[in-house]
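Chains as they are written, first to last, in the numbering used here: chain G, 1330 to 1717; chain B, 45 to 185.
Hints are computed from structural coordinates only; laboratory data are not their basis. A few of these clues could be false.
Unchecked claim - Listed below are the simulated SDA-like cross-link pairs for lysine to any residue, each with C-alpha atoms no more than 20 Å apart in a straight line:
| id | chain 1 | residue 1 | chain 2 | residue 2 |
| --- | --- | --- | --- | --- |
| 1 | G | 1599 | B | 121 |
| 2 | B | 111 | B | 61 |
| 3 | G | 1599 | B | 123 |
| 4 | B | 111 | G | 1671 |
| 5 | G | 1599 | B | 122 |
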Amino acid sequence: MGQGVAQAPDGVEQATDFAAIDCDVHPVFAQDWPDELAPYMTKEWQIRIGGAAARYGSSNAGRNLPGVRYQLPGNPFYPKGGGNLRLDLFGDDGQLPGSDPARAAKELLDAHKIDRAVLLPQTVLGVGVFPTPDVAVTITSAVNEWTADRWLSSDPRWRGTIAVAQQDPTAAVVEIEKWAENDRMAGVFISLGRTMLGDPHFYPIYEAAQHHELPIVVHPHGSEGIYASSPPTGGGLQSYHLDYRVSFQQPYQMAVANLISNGVLERFDKLMFAFTECGFGWLPDLMWRMDSFWKGSRSETPWVTQPPSEYIAQRMRFSTQPMIEPPVHSQLTAVLEMMRADKTLMFSSDFPHWDADDMDQTARLIPDSIKRQVMVENALGLFGSRIL
Amino acid sequence: MAIRAADGVNEGSEAPAFADVGDVEAFPSGTMTIVTAGEHQVGIYNLDGELIAIRNSCPHRGAPVCKGTVTGAMLPSAPGSYRWGMEGTVIRCPWHGWEFDLRSGSTLFGTDRRRLIRYEVAVHDGRVFLQLKRPRESVEA
Chain G
1330 MGQGVAQAPD GVEQATDFAA IDCDVHPVFA QDWPDELAPY MTKEWQIRIG GAAARYGSSN
1390 AGRNLPGVRY QLPGNPFYPK GGGNLRLDLF GDDGQLPGSD PARAAKELLD AHKIDRAVLL
1450 PQTVLGVGVF PTPDVAVTIT SAVNEWTADR WLSSDPRWRG TIAVAQQDPT AAVVEIEKWA
1510 ENDRMAGVFI SLGRTMLGDP HFYPIYEAAQ HHELPIVVHP HGSEGIYASS PPTGGGLQSY
1570 HLDYRVSFQQ PYQMAVANLI SNGVLERFDK LMFAFTECGF GWLPDLMWRM DSFWKGSRSE
1630 TPWVTQPPSE YIAQRMRFST QPMIEPPVHS QLTAVLEMMR ADKTLMFSSD FPHWDADDMD
1690 QTARLIPDSI KRQVMVENAL GLFGSRIL
Chain B
45 MAIRAADGVN EGSEAPAFAD VGDVEAFPSG TMTIVTAGEH QVGIYNLDGE LIAIRNSCPH
105 RGAPVCKGTV TGAMLPSAPG SYRWGMEGTV IRCPWHGWEF DLRSGSTLFG TDRRRLIRYE
165 VAVHDGRVFL QLKRPRESVE A
């Protein structure tokens, strides 16, 4: 048990000249989401979800009438002024940042010498909170087609993630099987709902992902703690963007602990997990506390045969953005050492969000002794040959 | 083990090498008795006739570990399943729940070098003796 330490895949030497792998980039829809996804849905689903062409029948085409329109779960209460996109990247014609794959390749990949970037379409980050499973299944399926059609075809450096609807594990497995042979799809994206990741509900998804050597990727969606179907945040409701910003990582901290306690990493002894944009400064405390309590409560979870921090070091990965900014640089170095960043940390930019990290600055902040691991090798170990 | 006769105990001005902790009949099978030996309290366990002596101080946080429950343990198992074993040979500390193998003194979780402090036990002429100055090879890591 517990031997599933990911190794860099065969052919890793091909990647030795990589400067960076960005594991968290957000393609943005150029239009309202039902319209953007309409080409990837049946007529029936276009009507049901409310795309413009099908909204009211041909007689109202082109008229901006109200009508049925699903809202995607997001962050309705605690927005940051100015939205979540970089204002400096808006086109003169109003084009949204990150909505044009060729332009994004220039602004992100070319400008910062990033060799591979893993895409997590921002519009569907919260689809796991959607209360209606068949809608979530349809949206994720359409988004995957959109990712392949619009982004993967535009530049060989983009890598997709297979978005699945956690509400319907059976359909999620079908979706994984549909895309698994596409080696440009580098992981399985699960949008977290109320069910914690350690729950047997997810095991069919994990089985399929492990079979195809795809890691599970999660990312906050902004609706944590907001809806009855959201993963709850600690303590209670947030008040402002300021306290909201430190609340949405909480369900993912719990997910780390929950995966370990439920023995998921023993049941699926090759499966790896990436926690993107979930922060990492909290990790040393969680590792130490879990190790400590594991010693005293081992009998209840005898399948947890290694210290929890070992499962984390071997099988879980965290992303750099948003980089913490302690007042003294040596404090960052200390945190990186404590969290075993040489194994657990991967570079990410969060492009094109306003709180994105600059790649060059991130690279400077990472000590030379672990820079290569953080910028390239840990992502290689996680995503395997699909990232090459 | 080699043990000097009881009349050698407490001989001279140096700290005694052995402590006479009582008549062997005072430690019946299936019991734990706390005695004072030298400067420490020691729990004497009789596991089916085998006498085991451990210092009443948990190597983790100093709890009176001998006040903990003697029990078995859940052995490493597949997720969602349980396997019980080591019945009567495990002590669970009353404070943080660390489980120790009474016979080896080691933790069951196995990643900590600290162990229970054990004493060699000898029975001589119906009396139970604890060796207070332990041979070097049994000194804790």
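Hints versus structure:
1. 1599/G to 121/B: The hint holds at about 18 Å.
2. 111/B to 61/B: Violated: residue 111/B and residue 61/B sit about 26 Å apart, past 20 Å.
3. 1599/G to 123/B: Cα-Cα ~15 Å, so holds.
4. 111/B to 1671/G: The hint is violated at about 43 Å.
5. 1599/G to 122/B: Distance ~15 Å between residue 1599/G and residue 122/B Cα, so the pair holds.
Hint check: violations occur at hints 2 and 4; the rest are consistent with the structure.
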